[in-house]
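Trainee: One letter stands for each residue in the lines below.
Number of protein chains: 2
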Amino acid sequence: MTISRREFSKLGALGLVAQALPLVGQTPSRKIGYCIIGLGRIADHHMRGIAQSSGSTITALVSGHRDKAERIAAQYNVPKTSIYSYEEMDRIRDNKAIDAVIVCLPNSMHAEYTIRSAKAGKHVLCEKPMAISVAECEQMISACKVANIKLMIAYRLHYEPLTLKTIKMIRDGAIGKVEAIDSSNGFNIAPNEWRSTKALGGGGPLMDVGIYSLNATRYLTGEEPTDFTAVATTPDNDGRFQGVEENLAWTMKFPSGVVTSCVTTYGANMDGYYKVYGTKGKLEVDEFGYENLHLTASYRTAPKTPPTKVDETNPERDPKQFTRQADHFSRCILENQPPSTPGEEGLKDMQHIRSIYKAAGITLG
Amino acid sequence: MTISRREFSKLGALGLVAQALPLVGQTPSRKIGYCIIGLGRIADHHMRGIAQSSGSTITALVSGHRDKAERIAAQYNVPKTSIYSYEEMDRIRDNKAIDAVIVCLPNSMHAEYTIRSAKAGKHVLCEKPMAISVAECEQMISACKVANIKLMIAYRLHYEPLTLKTIKMIRDGAIGKVEAIDSSNGFNIAPNEWRSTKALGGGGPLMDVGIYSLNATRYLTGEEPTDFTAVATTPDNDGRFQGVEENLAWTMKFPSGVVTSCVTTYGANMDGYYKVYGTKGKLEVDEFGYENLHLTASYRTAPKTPPTKVDETNPERDPKQFTRQADHFSRCILENQPPSTPGEEGLKDMQHIRSIYKAAGITLG
Numbered sequence: 346m347t348i349s350r351r352e353f354s355k356l357g358a359l360g361l362v363a364q365a366l367p368l369v370g371q372t373p374s375r376k377i378g379y380c381i382i383g384l385g386r387i388a389d390h391h392m393r394g395i396a397q398s399s400g401s402t403i404t405a406l407v408s409g410h411r412d413k414a415e416r417i418a419a420q421y422n423v424p425k426t427s428i429y430s431y432e433e434m435d436r437i438r439d440n441k442a443i444d445a446v447i448v449c450l451p452n453s454m455h456a457e458y459t460i461r462s463a464k465a466g467k468h469v470l471c472e473k474p475m476a477i478s479v480a481e482c483e484q485m486i487s488a489c490k491v492a493n494i495k496l497m498i499a500y501r502l503h504y505e506p507l508t509l510k511t512i513k514m515i516r517d518g519a520i521g522k523v524e525a526i527d528s529s530n531g532f533n534i535a536p537n538e539w540r541s542t543k544a545l546g547g548g549g550p551l552m553d554v555g556i557y558s559l560n561a562t563r564y565l566t567g568e569e570p571t572d573f574t575a576v577a578t579t580p581d582n583d584g585r586f587q588g589v590e591e592n593l594a595w596t597m598k599f600p601s602g603v604v605t606s607c608v609t610t611y612g613a614n615m616d617g618y619y620k621v622y623g624t625k626g627k628l629e630v631d632e633f634g635y636e637n638l639h640l641t642a643s644y645r646t647a648p649k650t651p652p653t654k655v656d657e658t659n660p661e662r663d664p665k666q667f668t669r670q671a672d673h674f675s676r677c678i679l680e681n682q683p684p685s686t687p688g689e690e691g692l693k694d695m696q697h698i699r700s701i702y703k704a705a706g707i708t709l710g
Numbered sequence: 346m347t348i349s350r351r352e353f354s355k356l357g358a359l360g361l362v363a364q365a366l367p368l369v370g371q372t373p374s375r376k377i378g379y380c381i382i383g384l385g386r387i388a389d390h391h392m393r394g395i396a397q398s399s400g401s402t403i404t405a406l407v408s409g410h411r412d413k414a415e416r417i418a419a420q421y422n423v424p425k426t427s428i429y430s431y432e433e434m435d436r437i438r439d440n441k442a443i444d445a446v447i448v449c450l451p452n453s454m455h456a457e458y459t460i461r462s463a464k465a466g467k468h469v470l471c472e473k474p475m476a477i478s479v480a481e482c483e484q485m486i487s488a489c490k491v492a493n494i495k496l497m498i499a500y501r502l503h504y505e506p507l508t509l510k511t512i513k514m515i516r517d518g519a520i521g522k523v524e525a526i527d528s529s530n531g532f533n534i535a536p537n538e539w540r541s542t543k544a545l546g547g548g549g550p551l552m553d554v555g556i557y558s559l560n561a562t563r564y565l566t567g568e569e570p571t572d573f574t575a576v577a578t579t580p581d582n583d584g585r586f587q588g589v590e591e592n593l594a595w596t597m598k599f600p601s602g603v604v605t606s607c608v609t610t611y612g613a614n615m616d617g618y619y620k621v622y623g624t625k626g627k628l629e630v631d632e633f634g635y636e637n638l639h640l641t642a643s644y645r646t647a648p649k650t651p652p653t654k655v656d657e658t659n660p661e662r663d664p665k666q667f668t669r670q671a672d673h674f675s676r677c678i679l680e681n682q683p684p685s686t687p688g689e690e691g692l693k694d695m696q697h698i699r700s701i702y703k704a705a706g707i708t709l710g
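Note that the protein sequences, when read in sequence, are chains A and B.
Quick note on our numbering: the first sequence kicks off at 346 and runs consecutively.
Quick note on our numbering: the second sequence kicks off at 346 and runs consecutively.
These are computed hints drawn from the structure, not numbers from a lab.
Glycine residues also receive a C-beta, built at the ideal position from the N, C-alpha and C atoms.
Careful, some of the hints might be misleading.
[As the list claims (entries may be wrong)] The calculated label-pair distances, taken between Cβ atoms and stated as ranges, are: (1) Lys490(B) to Gln696(A): 49 to 55 Å; (2) Glu657(A) to Asp631(B): 18 to 24 Å; (3) Pro683(A) to Arg386(B): 54 to 60 Å; (4) Ser430(B) to Lys703(A): 52 to 58 Å; (5) Lys703(B) to Pro651(A): 40 to 46 Å; (6) Ser487(B) to Asp572(A): 36 to 42 Å; (7) Ser430(B) to Asp656(A): 36 to 42 Å.
[As the list claims (entries may be wrong)] Listed below are the simulated EDC-like cross-link pairs for lysine to aspartate or glutamate, each with C-alpha atoms no more than 16 Å apart in a straight line: (8) Lys625(B) to Asp616(A); (9) Lys625(A) to Asp581(B); (10) Lys693(A) to Glu569(A); (11) Lys522(B) to Glu569(A); (12) Lys522(B) to Asp583(A); (13) Lys522(A) to Asp583(B); (14) Lys513(B) to Glu568(B).
Let's have the full structure, built from the sequences with the hints guiding it.
Mentor: Laid out in structure tokens, this is it:
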């Protein structure tokens, strides 16, 4: 690896670090051992991804359900002695098989368990949204700095090849100067989900899935939004929404003049997509999910020439995105490099989420 | 026609009047004669549409270019004596072959020529946007009322079968309760277009093409928006934009809790589309243009059943929408019925456009 620190930082800013740290054909010196904190749905994706990895392995679990943890431990060859309850979690400090943790808990617990893990000397890969307030994000970054451990936020699409190709196409000027982006992401949430309570989710669909549209506008433009407007409603008074919005639409303005319109919901199954409109053409990526990401583009390299067409699907299946993500963090740990999506990336989204909520008359945190 | 006045009004509110006034298989007692005011691009669509009609015919032209007018007059069998300059236009009063006019002028001239036509005793079909201010719209409605003539705004999609089917599907509950809508419409404008000057266009892409997204959210929900937010930018300082925005993104909130996110531009070629997200499924219509309107929908009639899929294209070619539109107005004139898209429809859009511009810090009119 002969890339300079300066070049690396530049690539990082473009969200292209994953490309700069290719994994294929390189055998890491050892596997990084992960402790999974929280054994819900997202943990399942992480664990299945790591199980397929050559650079990462699962070495410990933290759970409030001993039975479930033992069943999963057996599945992933984790010794029973490396199963911890939340109360005894700080003992992970003494487990040398654990290099890093993955925080898969409800949003409102991200800060506490990231900080406890940092104090136990373990690197932290934390699910997004990073936390439920800007102050918590800042405390997490600070705690990890003090403990001299790495903090990465699980923005898995920053490591997904079709997304990286899309970003590179835009940076290379394929569709000209970007003028506008629109995006939606949302789903019809079931009753009794922690995500639709203010106490555990910290917010509604914006925090949970709208964050994909927000983050996309940032990696697509390479800029930070400066102006925010929003409207939010909660029309379905059916008990599902405890202090959080059901529907939220928002706009943003970026320094170069790009405007974006986005919408998210917990009340309906939405297309997850973004469309990017440039002076020379347009592109669209469908699906923010774990597979079936699909890119279509149409642009003219010169006026009055026939348009260049792109129609490409990433054929990789779930949990490949999670393998790539864990292996990126493992490489960063092994080679002492900063992750492409550090705590600061999560903090920026949280600052913007606060601005969007404020515009909608909602107070965050 | 045995539909009651009350039923008719109700259908009108649902945008379904065109369905209530079927043209197929009914021979109108006579053709309504139209005078085309302004012979630009949109006039060409109107004229070609009317040429294919059984209920409407072109009987006069108003133009500042005598040569062009004579060429077009010959094409549509309009007598030379029925060609008027703008100065002598008030003489249309004396031409019995003219029942109605179609105002195809730049936006800032809609009010003047609608009012002059009304005073000349002619019914008015006026292009959208209806005018460039709320006050002008009110003056137009008032002038037409005083003159006892009909005023219709050319919202051609209110007469387009796939759009009407889409509205009916939503009203019938196919996709459940609507939660959110997103929509875009825009294009990369050429230099020296009247549309990108404040003096003639009255506004930027919102007035010209964003109005399709705005109007769609209204016919799709059957409601009027109550809250508006917006951001606008004009990044391309290349002389094309004279006092109007280049890019504009906006959100709206509706009484039932529907939120919408929309975006429009004069800086890039956009997909013209809307997506409607409901509790039971979603639907999308692509293309606000003159042909190739395409509906896709996917919804569940009961939980856990396989989704019902719709994939349908309106095979009609341009200028069919203009034929339908003119013939609707002709029928309204013959049968003394109110048009489905009267001046009040244009006024409502203009009031909302004013609110959107105000939210973006732009003053209208």
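Trainee: So, for every hint listed, does it hold in this structure?
Mentor: Structure-based check of all given hints:
1. Lys490(B) to Gln696(A): 49 to 55 Å: 53 Å, holds
2. Glu657(A) to Asp631(B): 18 to 24 Å: For aspartate 631(B) against glutamate 657(A), whose Cβ atoms are near 20 Å apart, the range 18 to 24 Å holds.
3. Pro683(A) to Arg386(B): 54 to 60 Å: 55 Å, holds
4. Ser430(B) to Lys703(A): 52 to 58 Å: 56 Å, holds
5. Lys703(B) to Pro651(A): 40 to 46 Å: 43 Å, holds
6. Ser487(B) to Asp572(A): 36 to 42 Å: 38 Å, holds
7. Ser430(B) to Asp656(A): 36 to 42 Å: 52 Å, violated
8. Lys625(B) to Asp616(A): 14 Å, holds
9. Lys625(A) to Asp581(B): With Cα atoms ~14 Å apart, lysine 625(A) and aspartate 581(B) stay inside 16 Å; holds.
10. Lys693(A) to Glu569(A): Distance of about 8 Å is within 16 Å: holds.
11. Lys522(B) to Glu569(A): 35 Å, violated
12. Lys522(B) to Asp583(A): 13 Å, holds
13. Lys522(A) to Asp583(B): 13 Å, holds
14. Lys513(B) to Glu568(B): 15 Å, holds
When held up to the earlier numbered hints, the structure conflicts with 7 and 11 and fits the remainder.
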